[in-house]
Amino acid sequence: MTINWFKYASPASFYFLAGRMIPYFSIAAIIFLIVGLYIAFFSAPTDFQQGEAYRIIFIHVPAAWMSMFLYVVMAFWAGIGLAFNTRLSSMVASAIAPTGAMFTFLALWTGAWWGKPMWGTWWVWDARLTSELILFFLYIGFMSLQAAIDDPRRADKAGAIIALVGVVNIPIIYFSVQWWNTLHQGASVSLIQSPKMATAMLSGMLIMALAVWMYSIVMILIRARLIILERERHTAWVSELKEGVLE
Amino acid sequence: MIWWIIKRDLLLAMRRRSDVLTTLFFFVIVVSLFPLGVGPEASILRIMASGVVWVAALLASMLSLGRMFSSDYADGTLEQMLLSPVSLSALVMGKAISHWLVTGVPLVLMAPVLGIQYDLPVEALIVLTLSLLLGTPVLSLIGAIGAALTLGLRGGGVLVSILVLPLYIPVLIFGTGAVEASTAGMGFGAHFSILGAFLLVSIVFSPWATAASLRISMG
Amino acid sequence: MIWWIIKRDLLLAMRRRSDVLTTLFFFVIVVSLFPLGVGPEASILRIMASGVVWVAALLASMLSLGRMFSSDYADGTLEQMLLSPVSLSALVMGKAISHWLVTGVPLVLMAPVLGIQYDLPVEALIVLTLSLLLGTPVLSLIGAIGAALTLGLRGGGVLVSILVLPLYIPVLIFGTGAVEASTAGMGFGAHFSILGAFLLVSIVFSPWATAASLRISMG
Amino acid sequence: MTTGPSPIEMLTARNLECIRGEHRLFSNLSFSVNPGELMFVGGPNGSGKTSLLRLLCGLSLPDDGEIYWNGTDIRKLGVDYRDVMTYLGHLGGIKDDLTAIENLRISCALAGCEIDEDQAADALGQIGLAGREMLPARVLSQGQRRRVALARLLVTRTKLWILDEPLTALDVAAVELIKGILEHNLAKGGMVIMTTHQELVMSTVTVHHLVLS
Amino acid sequence: MTTGPSPIEMLTARNLECIRGEHRLFSNLSFSVNPGELMFVGGPNGSGKTSLLRLLCGLSLPDDGEIYWNGTDIRKLGVDYRDVMTYLGHLGGIKDDLTAIENLRISCALAGCEIDEDQAADALGQIGLAGREMLPARVLSQGQRRRVALARLLVTRTKLWILDEPLTALDVAAVELIKGILEHNLAKGGMVIMTTHQELVMSTVTVHHLVLS
Ligand code: HEM
Ligand SMILES: Nc1ncnc2c1ncn2[C@@H]1O[C@H](COP(=O)(O)OP(=O)(O)OP(=O)(O)O)[C@@H](O)[C@H]1O
Ligand SMILES: Nc1ncnc2c1ncn2[C@@H]1O[C@H](COP(=O)(O)OP(=O)(O)OP(=O)(O)O)[C@@H](O)[C@H]1O
Ligand SMILES: [Mg+2]
Ligand SMILES: [Mg+2]
Chain A
43 MTINWFKYAS PASFYFLAGR MIPYFSIAAI IFLIVGLYIA FFSAPTDFQQ GEAYRIIFIH
103 VPAAWMSMFL YVVMAFWAGI GLAFNTRLSS MVASAIAPTG AMFTFLALWT GAWWGKPMWG
163 TWWVWDARLT SELILFFLYI GFMSLQAAID DPRRADKAGA IIALVGVVNI PIIYFSVQWW
223 NTLHQGASVS LIQSPKMATA MLSGMLIMAL AVWMYSIVMI LIRARLIILE RERHTAWVSE
283 LKEGVLE
Chain B
8 MIWWIIKRDL LLAMRRRSDV LTTLFFFVIV VSLFPLGVGP EASILRIMAS GVVWVAALLA
68 SMLSLGRMFS SDYADGTLEQ MLLSPVSLSA LVMGKAISHW LVTGVPLVLM APVLGIQYDL
128 PVEALIVLTL SLLLGTPVLS LIGAIGAALT LGLRGGGVLV SILVLPLYIP VLIFGTGAVE
188 ASTAGMGFGA HFSILGAFLL VSIVFSPWAT AASLRISMG
Chain C
8 MIWWIIKRDL LLAMRRRSDV LTTLFFFVIV VSLFPLGVGP EASILRIMAS GVVWVAALLA
68 SMLSLGRMFS SDYADGTLEQ MLLSPVSLSA LVMGKAISHW LVTGVPLVLM APVLGIQYDL
128 PVEALIVLTL SLLLGTPVLS LIGAIGAALT LGLRGGGVLV SILVLPLYIP VLIFGTGAVE
188 ASTAGMGFGA HFSILGAFLL VSIVFSPWAT AASLRISMG
Chain D
3 MTTGPSPIEM LTARNLECIR GEHRLFSNLS FSVNPGELMF VGGPNGSGKT SLLRLLCGLS
63 LPDDGEIYWN GTDIRKLGVD YRDVMTYLGH LGGIKDDLTA IENLRISCAL AGCEIDEDQA
123 ADALGQIGLA GREMLPARVL SQGQRRRVAL ARLLVTRTKL WILDEPLTAL DVAAVELIKG
183 ILEHNLAKGG MVIMTTHQEL VMSTVTVHHL VLS
Chain E
3 MTTGPSPIEM LTARNLECIR GEHRLFSNLS FSVNPGELMF VGGPNGSGKT SLLRLLCGLS
63 LPDDGEIYWN GTDIRKLGVD YRDVMTYLGH LGGIKDDLTA IENLRISCAL AGCEIDEDQA
123 ADALGQIGLA GREMLPARVL SQGQRRRVAL ARLLVTRTKL WILDEPLTAL DVAAVELIKG
183 ILEHNLAKGG MVIMTTHQEL VMSTVTVHHL VLS
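Chains as they are written, first to last, in the working numbering: chain A, 43 to 289; chain B, 8 to 226; chain C, 8 to 226; chain D, 3 to 215; chain E, 3 to 215.
Bound-form chain A, shown alone:
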């Protein structure tokens, strides 16, 4: 019986913890978003080469960063779930996937939108763009595999394997600009070198990145809560929740 208690307690306590954390992260997301957008559209100077179009960068770059970062986080939690059979981490991984796919799509879309004025075409088959597209397919693969499996335990584990195998793609995306000579911009923000861009631009981008980050956390927590409710619907605490005992 003691073992059972442990097994079921952790998603339950996470459920309530997440519920308490969501408002704070939402507020942070909104604040960062307002400040970031203000800098992006009013404070940052017009670029002398690219005109106003460059302002897409404030969405494009944070979205692209987030898309890769979320994949790594998703693979990490999925891997933990696979290795230690902790159901909560697998649920978190499943909760991350749609947000990750959304940002990948956003990066692709804003990139394409930006490409039209900059390169004169929506799309080129260059290494970074292609590998970002592969990332999108990896997210889709992860989600459709999980959707195709009815048994959640099996879905978690199968998803974990494909997520882990797909991690090889992340360095390929990141380093693609260095490995192949491409049309796409190289990394201009790096921990080792000092930044090459205007401070206002840089700070706007970083703040937008924070906003996107907070937003992701909020979305993931909300989705994780839904997944927990769905998966634990037969347990005592969920039925108590339904009857309002725990409210």
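In case anyone wonders, no lab produced these hints; they're calculated from the structure.
Note that the Cβ used here is the ideal one computed from N, Cα and C, for glycine as well.
Misleading hints may appear alongside valid ones.
[Claimed, not checked] Lysine to any residue pairs mimicking SDA-like chemistry, simulated, CA-CA at most 25 Å apart:
no., chain 1, residue 1, chain 2, residue 2
1, C, Lys14, E, Pro138
2, E, Lys78, A, Thr128
3, E, Lys78, C, Ser94
4, A, Lys158, A, Ala189
5, A, Lys158, B, Ser50
[To be verified] Listed next, the stretches of chain A that the computed footprint assigns to chain C, with coverage defined by at least 3 CB atoms under 8 Å from CB atoms of chain C:
no., segment
6, 178 to 187
7, 200 to 207
[As the list claims (entries may be wrong)] Between beta-carbon pairs, the in silico distance windows are:
no., chain 1, residue 1, chain 2, residue 2, range
8, E, Gly182, D, Val203, 22 to 30 Å
9, E, Ala189, D, Ser29, 41 to 49 Å
10, B, Trp10, E, Glu24, 29 to 37 Å
11, E, Glu24, A, Ile264, 43 to 51 Å
12, A, Trp164, C, Ala191, 23 to 31 Å
13, A, Gly286, D, Gly114, 30 to 38 Å
With chain A fixed as given, assemble chains B, C, D and E with the ligands onto it according to the hints.
Using the frame of chain A, we list chains B, C, D and E with the ligands on its own:
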């Protein structure tokens, strides 16, 4: 009766929602692979575009032929179809229609989006889509014959492609031909009428040939 | 033990002699389709050659993934494999090797012949063949993971392509890259070492990941 | 050889022969089954029971001999024969991905008798699957899958039933149930031809035993 | 919880629970099987017999409870357990395209006991397939296919046999044959756990009946 078959096959497809999406993704991925293999020069890509999209559609349609009868064969449903008082040709027609609805229609809808990636002009996009709309049902109908003939043979999945691809080729030639004619500023009406003729002929003959093949395979 | 599996799978393939031939025919037909879709200009064809051959090899390999475990699954052999005292990774390695022998090797042997049709110079032909020799086993090994994960899922045949194609793409890029580098007169050694590295990594990890996936799918 | 429709319906086999590979499974096999009669086809494994049943329902052709329904060769009858006959083979024709209800409704529709959701649920309930109607067949037990296939017998209006080992995987209660269903059909003037390795005692009806060897 | 290898070999299940979908098939199920003992698992269709057998052989995990072989959890034993155990499920693992001999040799090799052509032909002869050894399994009758799968029991040297409805599709003679094979294994100190819907009277050995409901 034919509705029952269509309804059932669509139900089966919907039961795994991913099923419809996956053919589509296969199509998208194949179309996206070529530029990777060939290199990103836009001028070359534009020439290849209609060919690549058509070949990908053809492969996507062919890939899913395996599923058309094989699961019905393995679980004994096909036996029941042969013994059904309903005409086998009608049943077969139903299966071909649902195959087209599940695999062909999504491809037709997706084609313009992919064409944009290859930087095709708007008129070419429209012609490409229409040519697929006329051509993909032919693929499903012809494919049904091949799928029926190779039923129960090991390696059928690949055998079917040998049988079916030669028959697909005329469709491919006139489908891409229409797009090229329109890009070259010539009329594409002739190509469309030929595709239409293919469609009519295959609607008339394919269910009959498929039914006969099924009876032979099950004999 | 691994020999038993290889022997058995080859025996099964030989029992239907058409099986080996059909993958090959598929490959040949796909490669021959493109000039039909794209048009016969030799200069364009030469640029496309390596890409088309590689994509066709990739599709041929992928197409046959469905068969890798599904028949063993359907008739209960896979259950017996999981319960076998022999290490599952070894069994899986055996299956990947026989998959490569049946689908990969014929492609490698056929590639130079097809390359000639596309008017490739001799050096490019050799590089193309060697790149396939290094690359196709990787396709079989990675494919095994996808095939194991989608086991028993409806629409698995297409689902597997979504899972596996993104992972195939790096192999495709470096495989065609080698040919292009050699045509451009640059060294292709770097491409080959990367392909070799892919091969080593997949030999080490794929049997393990596939065995894990099989246990999950059968759980 | 056809002698025009005879007044009573009956299935007649004349001088059937079946050769598989090197083996002559049976030859000179003649029998007839009249309304209300049940025929058990017995014999050891591999003696040709399944092969005979497949001949009788028209799935394969005899190497010699003819099969008549009401005096007309079944090959000539075609659809008319398939209209009055139900065959259930080793394989159930059950789709893993469809629920029990969907499976039943579709297999009935294929057999030319459409039923609605309630009728299907009713039949499944009668055959002991109450509460499992909405489960996909994949998760059903072996015996439950078999029951889904057999449920068709409850709704079909055909006369002649050809059943290949219908009792496989069924528990004792289900065997009784099927016995009842068969008796009901026979009482209505139907005909049943079936194989089974299990004993099945049916006293109230005319029973033929055809033993292949 | 592991108590080190006990002197006698035995299979012990403690407080097993199995949940499928909304249904709790069984819970708090404990039993043990000693050398020379046979356990029949009975119960109506869908009561969880197959599910239990799959737990016992390690193909799936119980929702609660443990299974011990000689006092060690079978999950920890892994290969060592698979070395002493043979499972035959509903599906025979028979390849349509291979001959009976090839099928038998390969399934034995998979089970870790390699046999040569003569041994295989011998085993197939004993189980009543003399003359059919070289036929592809595709053309064998249902009962003959089943016999090919069961022939493994004649050559395996494992102690613990877990058999899911081994008698399906077999004729009376074959049932007797299998009975003999089981008795032989039990006499040697083996253990058998099996399900069946048919009666099988075994007087000379210790028989447990576990009935699920
Ligand atoms: C569909 C098209 C595009 C895709 C898929 C794409 C993808 C990416 C990705 C994955 C990153 C993050 C990588 C990193 O941080 O190193 C990135 C960053 C960036 N992208 Fe794009 N991009 C696209 C189009 C464009 C266009 C058209 C431009 C502008 C000409 C552009 C400019 C940038 C810049 C400036 C960065 C930030 C690089 C840095 O500072 O690290 N991108 N993009
Ligand atoms: N191509 C062939 N060559 C040799 N023998 C064949 C061939 N095809 C079928 N057979 C034999 O024909 C017989 C077919 O028997 P059938 O399936 O009708 O048996 P059955 O009476 O239904 O047996 P069971 O009780 O096992 O279901 C088998 O003995 C099989 O070995
Ligand atoms: N996902 C699920 N949801 C609901 N019920 C399920 C699910 N999976 C399995 N079941 C039920 O679990 C039971 C599985 O039974 P099992 O196959 O072990 O039966 P059995 O005793 O072997 O029966 P049989 O005699 O028919 O072979 C069935 O009653 C089935 O309906
Ligand atoms: Mg039979
Ligand atoms: Mg069972």
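Taking the hints in turn, this is what the structure says about them:
1. C:Lys14 x E:Pro138: This hinted pair holds, its Cα atoms lying about 17 Å apart.
2. E:Lys78 x A:Thr128: holds, 19 Å
3. E:Lys78 x C:Ser94: Within the cut-off at roughly 15 Å; holds.
4. A:Lys158 x A:Ala189: Violated - the C-alpha atoms of A:Ala189 and A:Lys158 are around 35 Å apart, more than 25 Å.
5. A:Lys158 x B:Ser50: Distance ~17 Å between A:Lys158 and B:Ser50 Cα, so the pair holds.
6. 178 to 187: holds (count 6)
7. 200 to 207: holds (count 5)
8. E:Gly182 x D:Val203: 22 to 30 Å: The hint (22 to 30 Å, Cβ to Cβ) holds, given that E:Gly182 and D:Val203 are roughly 27 Å apart.
9. E:Ala189 x D:Ser29: 41 to 49 Å: The hint (41 to 49 Å, Cβ to Cβ) holds, given that E:Ala189 and D:Ser29 are roughly 44 Å apart.
10. B:Trp10 x E:Glu24: 29 to 37 Å: Between B:Trp10 and E:Glu24, where Cβ atoms are some 33 Å apart, the hint holds.
11. E:Glu24 x A:Ile264: 43 to 51 Å: The hinted range 43 to 51 Å is violated for E:Glu24 and A:Ile264, with Cβ atoms some 27 Å apart.
12. A:Trp164 x C:Ala191: 23 to 31 Å: Between A:Trp164 and C:Ala191, where Cβ atoms are some 28 Å apart, the hint holds.
13. A:Gly286 x D:Gly114: 30 to 38 Å: violated, 54 Å
Going through the hint list in order, the structure does not satisfy hints 4, 11 and 13.
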